[in-house]
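Given chain A, work out where chain B should sit, using these hints.
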Amino acid sequence: MKAEIIKMDDLEFRRSIYSEPSTNDSKVRDAALQDESKQKLWNELKDLDVAIQETMNVPVPENLAHKIILNQSLNQHQETKRRGRVHLALAASVAFAIGISFTTFQQRQPDINFSEGALAHFYHAKEMENGDANLSTQQVNFKLASFGTQFSSDIGKVFSANFCDVDKVRTLHLIMEGEQGKVSVFIVPHEDRLLMKDTFGDDDMDGTSLQLGETNMVIIGEKGEALEKFKSSLSKKLDYTA
Amino acid sequence: MFSRNKTKLSAVPSDIAAKQKRYEALVQALHADIYRYAYWLVKDKAIAEDIVQETFLRAWRSLDSLKDEKAAKAWLITILRRENARRFERKQFDLVDMDDVSLEDGGPSNETQIEHQELQRLIANLSEEYREPLMLQVMFGYSGEEIAEQLDLNKNTVMTRLFRARNQLKEQLERSNEGRDYKNG
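Protein chains in written order, with numbering that gives the first Met the number 0: chain A, 0 to 241; chain B, 0 to 184.
Okay, chain A solo, but in the shape it has when bound:
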């Protein structure tokens, strides 16, 4: 039997170790064993790779993973809001709170687009409706008292009445029964910095707002809901001179 040893020429050896210093090629190993200068060159290349690796291993900015996840949560929430989807991941809810306070804080804009804020809050709060509390107008008035106003007569079915912050503005959020479904009514004491749009909305919801003396009211209902009728009936009952 004749064992044929295929010897590697210099160029081939160099090509192998330069392109892959960690090679396990037996031809490379044999060539290095037979020639000290080849072994030396190979070691130099291995050392170079260690140095390259150490050099490339740059420090990663602090909290980068956390920042990436937060960025995704914020973005996810915006998309959810845009599409009018009503499900919110917990992370998005938390990010919503952070986002609102952060942007408000950062921009320090005196003007607050209250109508849009109310709509955003509406979607947010829709997630949290729990049950039919069926409050009386008196119970609503009890809460409204802190705004110095009240309803003078029965306003119909009220599922819930909670104080909420919309863009950091304290507001009373009533969820009431409309002709088609639930209607959200936001009552907020008037401030000049609150920008109210007469009508607004998106693909699914319509909104309207009005100012009665020192009180603003924003009403949001599903498309097709008789909001104007609802608004006029409600505004007649609001005792805003009180």
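Source of the hints: derived by calculation from the structure; they are not laboratory data.
Do not rely on the hints blindly, as some may be mistaken.
As the list claims (entries may be wrong) - Among chain A residues calculated to face chain B with C-beta under 10 Å, some are:
id, residue
1, S15
2, Y17
3, E19
4, L32
5, E43
6, D48
7, Q75
We treat Cβ as the ideally placed atom computed from N, Cα and C, and that holds for glycine.
For chain B alone, coordinates are given in the frame of chain A:
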């Protein structure tokens, strides 16, 4: 607001929660590698961070298309490279000659890296087509075939570029060492 949220915890759809969990695991496991790749691609800390953010955001949007977790790194690198290319399309007029680029402040800063300052400069000055395969091989331990697949090149091309990359680095290092010896002598 927060207290009211709590009541809704249980109602978060479980598929979204699962997706979120999967995503966070991916971020934790790979953000450092992806950042380093980005850093050596653009050689600027802040830009690298921006691209990494954008990369992971896109990853989130198409996370469902990632079937095999083992392919995650290659998948993210592909997204990252595309993001980087987009950046160049947007800012073409800002292009600088790659040969003249040197690392900005805020580059590698630990002790070993300071020792390798010269090497750092040389790596930064390698052309991108040499630097990228080198990164994949040295940092991520990719084989020639894997690099070829990642960069959409044939394997011979990859091996040639790796050869030239090291050849260039080694020669330049030796040249600068000789220069130093000469000055010292």
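Going through the hints against the structure:
For A:S15, the suggested interface contact is upheld, since its CB lies about 9 Å from the closest CB of chain B, less than 10 Å. Taking 10 Å as the C-beta cut-off, the interface hint given for A:Y17 holds, the closest approach to chain B being about 4 Å. Hint on A:E19 holds. Least Cβ distance to chain B is approximately 7 Å, under the 10 Å limit. Violation of the interface hint for A:L32 is found here, the shortest Cβ-Cβ separation to chain B being roughly 22 Å, above the 10 Å cut-off.
Hint status for A:E43 relative to chain B: holds, with the closest Cβ pair at about 7 Å, below 10 Å. A cut of 10 Å between beta carbons decides the hint on A:D48: the least distance to chain B is about 6 Å, and the hint holds. Among the interface hints, the one on A:Q75 holds; its C-beta lies about 7 Å from the nearest C-beta in chain B, closer than the 10 Å criterion.
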